[in-house]
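> Now for the letters of each chain:
Number of protein chains: 2
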Amino acid sequence: MAKDKKGKSHKEERKEYTFNKLKGLGQEIIEDIEQNKVPSVRVPSRGTGNIVYDEAKRYYVLGDRYGKRSLGNVKQIRKMGQMVYVANFCKDLVAREKTATIREMYYVSEGWGISFKNQQESNIVGEDLEVTLGTTREDLGLMPEEDGASVYGDITLTDEVEINASKMGKSGYTISPTIDQVELGECNVDKVLAVETMGMFHRLVQENAHKRFNCLIVGLKGQAARATRRFLKRLNEEKGLPVYICNDGDPWGFHIAQVIISGSAKLAHVNHDLATPDAKFIGVTASDIINYDLPTDKLKDVDVLRLKELSKDPRYKSDFWQTEIKKMLKIGKKAEQQSFSKYGLEYVVDEYFPAKFEEMENQA
Amino acid sequence: MAKDKKGKSHKEERKEYTFNKLKGLGQEIIEDIEQNKVPSVRVPSRGTGNIVYDEAKRYYVLGDRYGKRSLGNVKQIRKMGQMVYVANFCKDLVAREKTATIREMYYVSEGWGISFKNQQESNIVGEDLEVTLGTTREDLGLMPEEDGASVYGDITLTDEVEINASKMGKSGYTISPTIDQVELGECNVDKVLAVETMGMFHRLVQENAHKRFNCLIVGLKGQAARATRRFLKRLNEEKGLPVYICNDGDPWGFHIAQVIISGSAKLAHVNHDLATPDAKFIGVTASDIINYDLPTDKLKDVDVLRLKELSKDPRYKSDFWQTEIKKMLKIGKKAEQQSFSKYGLEYVVDEYFPAKFEEMENQA
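In order, the protein sequence lines correspond to chains A and B. Heads up: the first sequence begins at 0 in numbering that gives the first Met the number 0, then just goes up one per residue. Heads up: the second sequence begins at 0 in numbering that gives the first Met the number 0, then just goes up one per residue.
Isolated chain A (complex conformation) (with noise of 0.2 Å):
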């Protein structure tokens, strides 16, 4: 198990800030009343005003703007008592090294003395939290429905037992919603490569792209869970390697490349654990539709609409991008990462990742 200077594990690291800051919210209010102070908490401001894009760091933050909850505001008082008994919770599952669905804890809380008129008002309460301790929901034990990605090639990874993501059967390791108390070990590629369908996943380690490429196979299933932003984020800073996305050849496959990288605007207070801005999209571009000679399908309203929308987006601000999307609108086509299968099944490992991969090491 890695273990930083100290001698703490990953797991363990993250879970003493956490209690820490959990302890530390208390300890202040408490800190307040013992001084005669009327108690109360900054939170960081999460609306679109106050969210930046941060050049320097090439994704979404929050700016400095705050709003502040004080018990001394009759409005917002139950507010701040719900804070504190989601706190109190956090820090009891922290603790017992538990977590909760957000959907458990708002069942947990009919229990409370305080109570939530409905789900979206415990969700929000929950991300209050996150904001303001400055720490990611699945640190404080609330965890997402959703599942992480497969990964399929040669990493060694502790969670609970000590695993090989290459032995674990065709469709390779899940990654665990909470990815954060899993320990990243031996890892003998030298490159992720991240695909947006389980069936080019699968194609890929039917062809044993991971030998081939000696990378990970990472199978996004669409749009990338936190779990797995978080695993690829850990791969790139951990272990060095360079991620590479390719997804269908459309708006909606290069967002779901370009929230990998550069995070999105409504999880800005989380960005900094979530954005990899050195992972790179390698197709499928409107280049390789033509190209290629890709079999494709027109852009509907909405892809025309989206593409326009994506080319004002700072994200997308690179001349990379701006030439793509403005090639895409131009031909009105779009293709999925399946359609190199026109030429074979094998086509897209024996001829089109090979070429990709070697434009980016001439780029390198």
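Simulated from the structure, these hints should not be mistaken for laboratory data. Some hints here could point you the wrong way.
[As the list claims (entries may be wrong)] The following residues of chain A were derived to be distant from chain B, with all beta-carbon distances above 10 Å:
#, residue
1, Ser8
2, His9
3, Arg13
4, Glu15
5, Gly66
6, Val83
7, Tyr106
8, Glu144
9, Asp153
10, Lys169
11, Arg211
12, Ser338
[Stated by the list, open to error] Only pairs whose alpha carbons sit at most 25 Å apart, straight line, appear in this in silico DSS-like list of lysine-lysine:
#, chain 1, residue 1, chain 2, residue 2
13, A, Lys97, B, Lys210
14, B, Lys299, B, Lys332
15, A, Lys299, B, Lys116
Even glycine gets a Cβ: it sits at the ideal position worked out from N, Cα and C.
Please arrange chain B on chain A, whose structure you already have, making use of the hints.
Only chain B this time, still in chain A's reference frame:
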């Protein structure tokens, strides 16, 4: 690896069966030609008029109506040509132990002498072949895009490598879409507990339900994929394990269970491979909602409509279902499986499931 009397594994047996079926189809056509007969193929009808609920088998089957595809009919020449091409493609897949998604097959068909108007047309020919040969699509090498469920617990599986589903990390083993290529090995449990949501799956794993109830835990992820249904059936038949299903207490949860138990009408031609008539729905029932005083939501119009539909469905004709459907309509309420958290996160494992299993054992 389990071998049958002839020393063949489950996987080898199915491969040989399918290969011979595909070869046989071609041989029939060749024989027709050699005998100067017009080649034709009998394709069992999948129309609603030919879908029958079989009381003895306890699932939907196809009746004995069929259509004829003949090269003597100008309108059918293209369709029959497509079928031969698809059969040849599948024969090649089976021989090479490869799979392709139906999406890939559609793209591959661009290179054939005979084309498809759209993917729907190629999908239908795939189904024609399935029903004509009496095999599943997966046996033919045509893989669904969707993932199977997650399994956690003490069973050894051979999916290329030998693995144990209790030693694969917290998310367990992901059921491969080609589950019939997997051998079920040693299994140290006495039942299977399948649950609708991954939230409940992770709750059960965290609370050590697999040890406490000596069971496999299966996370269905909503409507069960074909691979999941096939896996549950194999556990039930090959391993003799009783299968218990716990879903949300609403018509959709009921039906997720029922499709596992009695199959779907749409897949009448493969229900003999997918349905597990002895599987039992154990909750959340309308009675549970009352007995456990669960947090509920009001039934929506669409829920009421669906419950009334189910009450007329032959699969729901037992006293148990009729009573529970009536009771739910009467109380006008539904409840999620996670709503037991009202009594604390552990309640469902400490109280609810033990009570249910005792009830089941008393019935048996």
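> Hints first: check each against the structure and report whether it holds.
Here is what the structure says about each hint:
The Cβ of Ser8/A sits about 16 Å from the closest Cβ of chain B, beyond the 10 Å cut-off, so the non-interface label holds. No Cβ of chain B approaches the Cβ of His9/A within 10 Å, the least distance being about 15 Å, so the stated non-interface status holds. Interface exclusion of Arg13/A from chain B stands, the closest Cβ pair being 16 Å apart, more than 10 Å. Annotated as non-interface, Glu15/A keeps its C-beta farther than 10 Å from every C-beta of chain B; the closest such distance is 21 Å.
Every CB of chain B is more than 10 Å from the CB of Gly66/A (nearest about 30 Å), matching its label as outside the interface. The claim that Val83/A is not at the interface with chain B holds, since no C-beta of that chain comes within 10 Å of its own (minimum 19 Å). Distance check for Tyr106/A against chain B: the nearest CB is about 4 Å away, which does not clear 10 Å, and the non-interface claim fails. Not every Cβ of chain B is farther than 10 Å from the Cβ of Glu144/A; the closest lies at roughly 5 Å, contradicting the non-interface assignment.
Distance check for Asp153/A against chain B: the nearest CB is about 13 Å away, which clears 10 Å, and the non-interface claim stands. At the 10 Å boundary, the C-beta of Lys169/A falls inside the reach of chain B, the nearest C-beta of that chain being 5 Å off. For Arg211/A, the condition that its CB be more than 10 Å from all CB atoms of chain B holds, with the nearest at approximately 16 Å. With a minimum CB-CB distance of about 5 Å to chain B, Ser338/A fails to clear the 10 Å threshold, and the non-interface call is violated.
With a CA separation close to 17 Å, the supplied pair Lys97/A and Lys210/B stays within the 25 Å bound. A distance of roughly 9 Å separates the Cα atoms of Lys299/B and Lys332/B; the hinted pair therefore holds under the 25 Å criterion. Taking the CA atoms of Lys299/A and Lys116/B, the gap is near 19 Å; set against the 25 Å cutoff, the hint holds.
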